[in-house]
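Trainee: Sequence:
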Amino acid sequence: LPQGCRILGVPVLVTEQRPDVLGPTVPELGVQDLPRVPKTAFSMVGAAGPLLGDPKIRSVLLCGIEAQACILQTALDLLERGLDVHVVVDACSSRRFGAIWGVLGNFGGIWSLGGGFGRAVFGGFWGILPLIKEPSPDTGLILGGPLGVLGGP
15 LPQGCRILGV
25 PVLVTEQRPD
35 VLGPTVPELG
45 VQDLPRVPKT
55 AFSMVGAAGP
65 LLGDPKIRSV
75 LLCGIEAQAC
85 ILQTALDLLE
95 RGLDVHVVVD
105 ACSSRRFGAI
115 WGVLGNFGGI
125 WSLGGGFGRA
135 VFGGFWGILP
145 LIKEPSPDTG
155 LILGGPLGVL
165 GGP
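Just so we're aligned: the sequence shown equals residues 15 to 167 in our numbering.
Think of the hints as simulated: they come from the structure by calculation, not from any bench.
Pair by pair, the computed Cβ-Cβ distance ranges are:
hint	residue 1	residue 2	range
1	140	34	37 to 45 Å
2	117	144	33 to 41 Å
3	40	69	28 to 36 Å
4	141	117	32 to 40 Å
5	65	42	21 to 29 Å
Ideal Cβ positions, reconstructed from N, Cα and C, are used throughout, including at glycine.
Please take these sequences and the hints and turn them into a complete structure.
Mentor: Encoded structure:
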């Protein structure tokens with residue numbers, strides 16, 4: 015997702031939950047050259063709030079780990095600020111996706127698939143097609159995965 019955003023010219027903000035205790039973002043994400051904002055709350059809005067004050071920012075794509083806590087709280091805070099929020103489910107992991115599935119939708123958030131964001135949101139599908147076609151490494155973080163929930167009842 016970060017590489018696709020770069021191709022499309024979409025700004026990327028990296029936040030890290032207590033990197034002093036939990037460690038930094040893994041190098042496999044390829045975001046070493048981007049500034050990182052440490053945070054102690056589940057939501058990143060408090061730590062990165064000033065960066066989100068740009069009136070040109072109307073939509074936010076979210077991805078990350080611990081979606082049942084960090085992604086959900088961030089999404090709810092961003093929705094409260096009046097922003098459009100897209101959670102890219104195939105770029106998230108969670109121990110309890112089912113616990114948050116309906117909550118975000120009830121508050122106006124949108125569940126999205128990463129392969130469609132170039133075309134649907136930014137019109138740059140062909141520029142990111144090579145990234146979409148590249149197999150993602152199996153991290154073991156998504157057991158059963160959110161797509162099982164998407165396709166289920």
